[in-house]
Amino acid sequence: MGLLYGLIAVGLALIFGLMDVVNFAHGEFLMLAMYASFFLFAFFAIDPLLAAPLVAAALFVFGAVVYLLIVRFAVRAKANTGMVQIFSTFGLAIVMRGVAQFFFTPDYRSVTHPWLGGKTISIGGIFLPQPQLIGAAVAMAAFGGLYFFINRTDFGRALEATREDAGAVALVGIDKNRVFALGWGLGAALVGLAGAIMSIFFYIYPDVGASFALIAYVTVALGGFGSVFGAFAGGIIVGLVEATTALILPPSLKSVGIYAVYLLVVFVRPRGLFGSM
Amino acid sequence: MTAPLLETRGVWQRFGGLVANSDVSISVGRGEIVGLIGPNGAGKSTLFNLIAGVLPPTQGTIWFDGEDVTALPAAERCVRGVARTFQVVKSFETMTVIDNVIVGALMRNTVMRVARRKAHEVLEFCGLAARANVLASDLVPSEKRRLEVARALATEPKLLLLDECLTGLTPIEAQTGVELVRKVRDTGVTILMVEHVMEIVMPLVDRAIVLDLGKVLVEGKPKDVVRDPKVITAYLGDRHAVGA
Amino acid sequence: MDTDFANRRRRDLIVAFCLAAIAAVVPLFVKDVYVQNIMVLTLMYGALSQSWNILSGYCGQISLGHALYFGLGAYTTTILFTKFGVLPWFGMIGGGLISAVIAMALGYPCFRLRGHYFAIATIVIAEIALLLIQNWEWAGAALGITIPMSSDSWLKFQFARSKLPYFYFALGLVCVAWFVTWWLEDSKWGYWWRAVKDNPEAAESLGVVVFNSKMGAAAVSAFLTAVGGAFYAQFVSYIDPESVMGFHFSLLMALPAVLGGIGTLWGPMLGAVILIPVTELTRSFIGGSGRGVDLIVYGGLIIAISLARPQGLVSLFTPKRKEATR
Chain A
1 MGLLYGLIAV
11 GLALIFGLMD
21 VVNFAHGEFL
31 MLAMYASFFL
41 FAFFAIDPLL
51 AAPLVAAALF
61 VFGAVVYLLI
71 VRFAVRAKAN
81 TGMVQIFSTF
91 GLAIVMRGVA
101 QFFFTPDYRS
111 VTHPWLGGKT
121 ISIGGIFLPQ
131 PQLIGAAVAM
141 AAFGGLYFFI
151 NRTDFGRALE
161 ATREDAGAVA
171 LVGIDKNRVF
181 ALGWGLGAAL
191 VGLAGAIMSI
201 FFYIYPDVGA
211 SFALIAYVTV
221 ALGGFGSVFG
231 AFAGGIIVGL
241 VEATTALILP
251 PSLKSVGIYA
261 VYLLVVFVRP
271 RGLFGSM
Chain B
278 MTAPLLETRG
288 VWQRFGGLVA
298 NSDVSISVGR
308 GEIVGLIGPN
318 GAGKSTLFNL
328 IAGVLPPTQG
338 TIWFDGEDVT
348 ALPAAERCVR
358 GVARTFQVVK
368 SFETMTVIDN
378 VIVGALMRNT
388 VMRVARRKAH
398 EVLEFCGLAA
408 RANVLASDLV
418 PSEKRRLEVA
428 RALATEPKLL
438 LLDECLTGLT
448 PIEAQTGVEL
458 VRKVRDTGVT
468 ILMVEHVMEI
478 VMPLVDRAIV
488 LDLGKVLVEG
498 KPKDVVRDPK
508 VITAYLGDRH
518 AVGA
Chain C
522 MDTDFANRRR
532 RDLIVAFCLA
542 AIAAVVPLFV
552 KDVYVQNIMV
562 LTLMYGALSQ
572 SWNILSGYCG
582 QISLGHALYF
592 GLGAYTTTIL
602 FTKFGVLPWF
612 GMIGGGLISA
622 VIAMALGYPC
632 FRLRGHYFAI
642 ATIVIAEIAL
652 LLIQNWEWAG
662 AALGITIPMS
672 SDSWLKFQFA
682 RSKLPYFYFA
692 LGLVCVAWFV
702 TWWLEDSKWG
712 YWWRAVKDNP
722 EAAESLGVVV
732 FNSKMGAAAV
742 SAFLTAVGGA
752 FYAQFVSYID
762 PESVMGFHFS
772 LLMALPAVLG
782 GIGTLWGPML
792 GAVILIPVTE
802 LTRSFIGGSG
812 RGVDLIVYGG
822 LIIAISLARP
832 QGLVSLFTPK
842 RKEATR
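First to last, the protein sequences are chains A, B and C. Read in my numbering, the first sequence has 268 at position 268, and its numbers run on one by one without any break. Going from the second sequence to my numbering is simple: count from 1 and add 277. Going from the third sequence to my numbering is simple: count from 1 and add 521.
Calculated directly from the structure, the hints in this document are not laboratory data. Any given hint could turn out to be false.
Under 7 Å between C-beta atoms, here's a sample of chain C residues computed to sit facing chain A [said to hold, decoys possible]:
#	residue
1	L534
2	L634
3	L652
Glycine residues also receive a C-beta, built at the ideal position from the N, C-alpha and C atoms.
Chain A with its partners taken away, still in its complex shape (with noise of 0.2 Å):
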């Protein structure tokens, strides 16, 4: 489970990293690309683990356009630009929420997964959940990719380069606003993977995005804004902690130790265990 928080959590810190910008629509993001998921299964019968890699080219170019109509702007406002930037986000989460309940109702959908749905596997006599299980992987391999992508590949460095100095980068004429929306689309697209497994194994319906949402912000938070490692630390913290919690408290109350670690974290290390700023 904490691969899949840093998993959510790594889209988030990227683009945070990038541009400062916290996206509030990011559990939305993830909304959709279980929906995504749901539809590519129950008409065309895709297993979600094949349509994963569609779902997240989907949710690259939607992250993409998202940066380019409204953020793009956001970031250039003029007057309170902090919080032009929360609150066009959180517009839009507010915004996507309404429009997947106005198209695929309210109700609790699920994917019955042909072949993994349910069954467990014994490592060492602990008994796992296999879903679980493949989404770990896909998670650990989507980490190494993205490692690889950002210290070994030129766009990978344009993105490093204009998150450092984006006035720089445009003298040397790499395209600022294409990075950004790269950007974005990859944060999107990280998701989009996160969300095609998760809908495997969550119900999936119009607000499932806002309690993984705040999930993520801790992760991101607790490993320091901007720091795709520490997104990536963040996660296995959080999970790790959730699963702790589970077991002295009722599982009601689970979320509660995730943010009680978390403000600890804060408060004695107001950049967070990985941040620099």
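Since the structure of chain A is provided, determine the placement of chains B and C on it from the hints.
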């Protein structure tokens, strides 16, 4: 000279392994204009921030008006009578010019009407009265510098700390600035100014303190300081070598 | 120049008084209960947003957890009344004071955080409180508490037949919140808050104790929000954790101010007057709960205003005012 208004005694500041100030002891007498100069990285800004109370020194004490203020935060030092400007201007951008100054004036006058009148006086004094109702973000850079001075003066300080407030201005603007500084001193305010460009400061200050590599290199009358061979090698020599 | 300023302040006061007077007579002509209901909600959100605006707009500390104070107010009055028979009037004040104290206790660690870290901490704290109350049997847990209705009474502040008393109370609340803001705007605190918002370091150098300023703003803001929460509990006479402490409430409080103009005197009220009726009307016209059209309209408005008019709708009126003061 009576007891100095400001005194640093054996002040050290370390950032990790880096020593920014080592054993700096300086004093500023009442009514003086003192220039704190030195090449880049000499530790001027660090010392300035220590005096303003942005951070506490690693070692040593800072005395103001006969009181040990080493442990006091910036706001408390402002109450005692230390006011400052910033090297990178920090105006309250969404507020009007007059409102910026009122924030400073509220330091001594809690009655709004009095604070407002005081702020108008200070703006008049600094030559910004015509711009009173303009947003601070709409000012040109030289006006922003003057606004910084006005805001600081509104707190009715005994000591005004100016951080490179004449740097980056056109010669004419700098000349107006120099006149303003003299005018401020004539009202009885002591001034300690950090400046990088010697040419501007030297005619203005009563005394110059040259920092180099975190230490006090030379201290004295401007005309003596500029002739001092140590200063020429550390500062001018260095600059000539690079610049010319 | 001084007189211009005084004139503007006086004009604000007169305009507010006239608006309040007009608002006061409206329900005498508009008898439709549905419309009256919307008016009560509009006034309530106006007041809440005005309170939120003090901390987040003037002082610049973006709180997305104000539902906490709203819920505290609602729960304090309700529990005091149902368990101990304390009249809601005292409960309101009590809830307000408790909220103010809690806001300061939470502010102690939180105000060291900056920007997004602060905003997320406020969400998280409100969420923890929500989860705790949901699991607190004595306080009704997730089911909530119903306030027993007896006869109409000003003493118990409950009225089954007419919305009018609620309307006037909400109007009173708005007036108080507005007046407090108006008064604080030209006070030491008002200037300090705006200075802290724009540049904390410069504010500190001018003798402003940044931390205390934030604490003051948090206390006033939380107090007023809690009184609003107490009112809401009486108005709907039934509370449960999700409906009074849910995250959406934190947003609903912030959005009118965002729409109308953050950190302005008139912004929150203007925003509420537009936002609440528009969403309530779309909800009833396009019909059926759960179809989400109201959300689309709502979110669309917010995006549009954030992008097109980041200073809020109030700025449409200010150019004129600026010329007048020059």
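Evaluation of the provided hints:
1. Interface restraint check: L534/C against chain A, minimum CB-CB distance 26 Å, threshold 7 Å, status violated.
2. Checking L634/C against chain A: minimum C-beta separation of about 5 Å stays under 7 Å; hint holds.
3. With 7 Å as the threshold, the beta carbon of L652/C comes within range of chain A, its nearest partner Cβ sitting at about 5 Å, so the hint holds.
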